[in-house]
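Each chain, letter by letter, is given below.
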Amino acid sequence: DTEVTQTPKHLVMGMTNKKSLKCEQHMGHRAMYWYKQKAKKPPELMFVYSYEKLSINESVPSRFSPECPNSSLLNLHLHALQPEDSALYLCASSQDTVRGGYEQYFGPGTRLTVT
Amino acid sequence: SQQGEEDPQALSIQEGENATMNCSYKTSINNLQWYRQNSGRGLVHLILIRSNEREKHSGRLRVTLDTSKKSSSLLITASRAADTASYFCAASGGSYIPTFGRGTSLIVHP
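If you're matching them up, the sequences are chains A and B in order.
According to my numbering, the stretch in the first sequence is residues 1 to 115, in order.
According to my numbering, the stretch in the second sequence is residues 1 to 110, in order.
Check before you lean on any hint, since a few could be wrong.
[To be verified] Derived DSSO-like pairs: lysine-lysine, alpha-carbon spacing no greater than 27 angstroms straight-line:
#1 Lys41(A) x Lys69(B)
#2 Lys40(A) x Lys26(B)
#3 Lys26(B) x Lys38(A)
#4 Lys36(A) x Lys26(B)
#5 Lys41(A) x Lys26(B)
#6 Lys70(B) x Lys41(A)
#7 Lys53(A) x Lys22(A)
[As the list claims (entries may be wrong)] Incomplete in silico selection of chain B near chain A, CB under 10 angstroms:
#8 Thr27
#9 Asn31
#10 Arg41
#11 Phe88
#12 Ala90
#13 Arg102
#14 Gly103
#15 Ile107
#16 Val108
Derived by calculation from the structure, the hints in this document are not laboratory data.
Glycine included, each C-beta is placed from N, C-alpha and C at the ideal position.
Could you build the full structure based on these sequences and the hints that come with them?
Spelled out as structure tokens, the structure:
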């Protein structure tokens, strides 16, 4: 199984809502990532988890809160978002981050709209 | 930043033609990867080339790396309409975390 799944596919939320994005992989990968992608732009790294510990936070606002409950799951909790946070949120995983540079497997993304 | 910069930003060709995309980066890298993204969907990994490699092939794809010029190219031979997508290079330095360039939008006309 070389698939990364993400739920939901689409999400519309108001600025006062609290919601969560979910990501799952069963490839035994020990690194998982959250990216944000605006239209016609490259993915921007938000967070990296390595062996279930947060290893990189690219100065992301606190209204985005990542969580890695176990080695297969990655969540992104959203609270008090702004309209400019509307984007495609991509989850990815790789075998490891630091040894040899492994390819990333991406999920299909969650299209988030903040109203 | 290791960010790659693709060139051209957009490329329009006829089916059967070859498509070449270039990527330049700023500092030393450990590896460089190429990804494809169909409109509004997740990225698909195409090829990883390490800093000690000069060329790699995968099916109709050929990637070259010139570390002296800090550049890489992706060649798609005998293109098909299904190759229509955005293509990103991602360069990895000491942290091994790839940083994506702005991408090349490829349109292949049937």
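Hints versus structure:
no., hint, in the structure
1, Lys41(A) x Lys69(B), "25 angstroms, holds"
2, Lys40(A) x Lys26(B), "22 angstroms, holds"
3, Lys26(B) x Lys38(A), "23 angstroms, holds"
4, Lys36(A) x Lys26(B), "23 angstroms, holds"
5, Lys41(A) x Lys26(B), "19 angstroms, holds"
6, Lys70(B) x Lys41(A), "22 angstroms, holds"
7, Lys53(A) x Lys22(A), "17 angstroms, holds"
8, Thr27, "15 angstroms, violated"
9, Asn31, "4 angstroms, holds"
10, Arg41, "6 angstroms, holds"
11, Phe88, "6 angstroms, holds"
12, Ala90, "8 angstroms, holds"
13, Arg102, "5 angstroms, holds"
14, Gly103, "6 angstroms, holds"
15, Ile107, "14 angstroms, violated"
16, Val108, "19 angstroms, violated"
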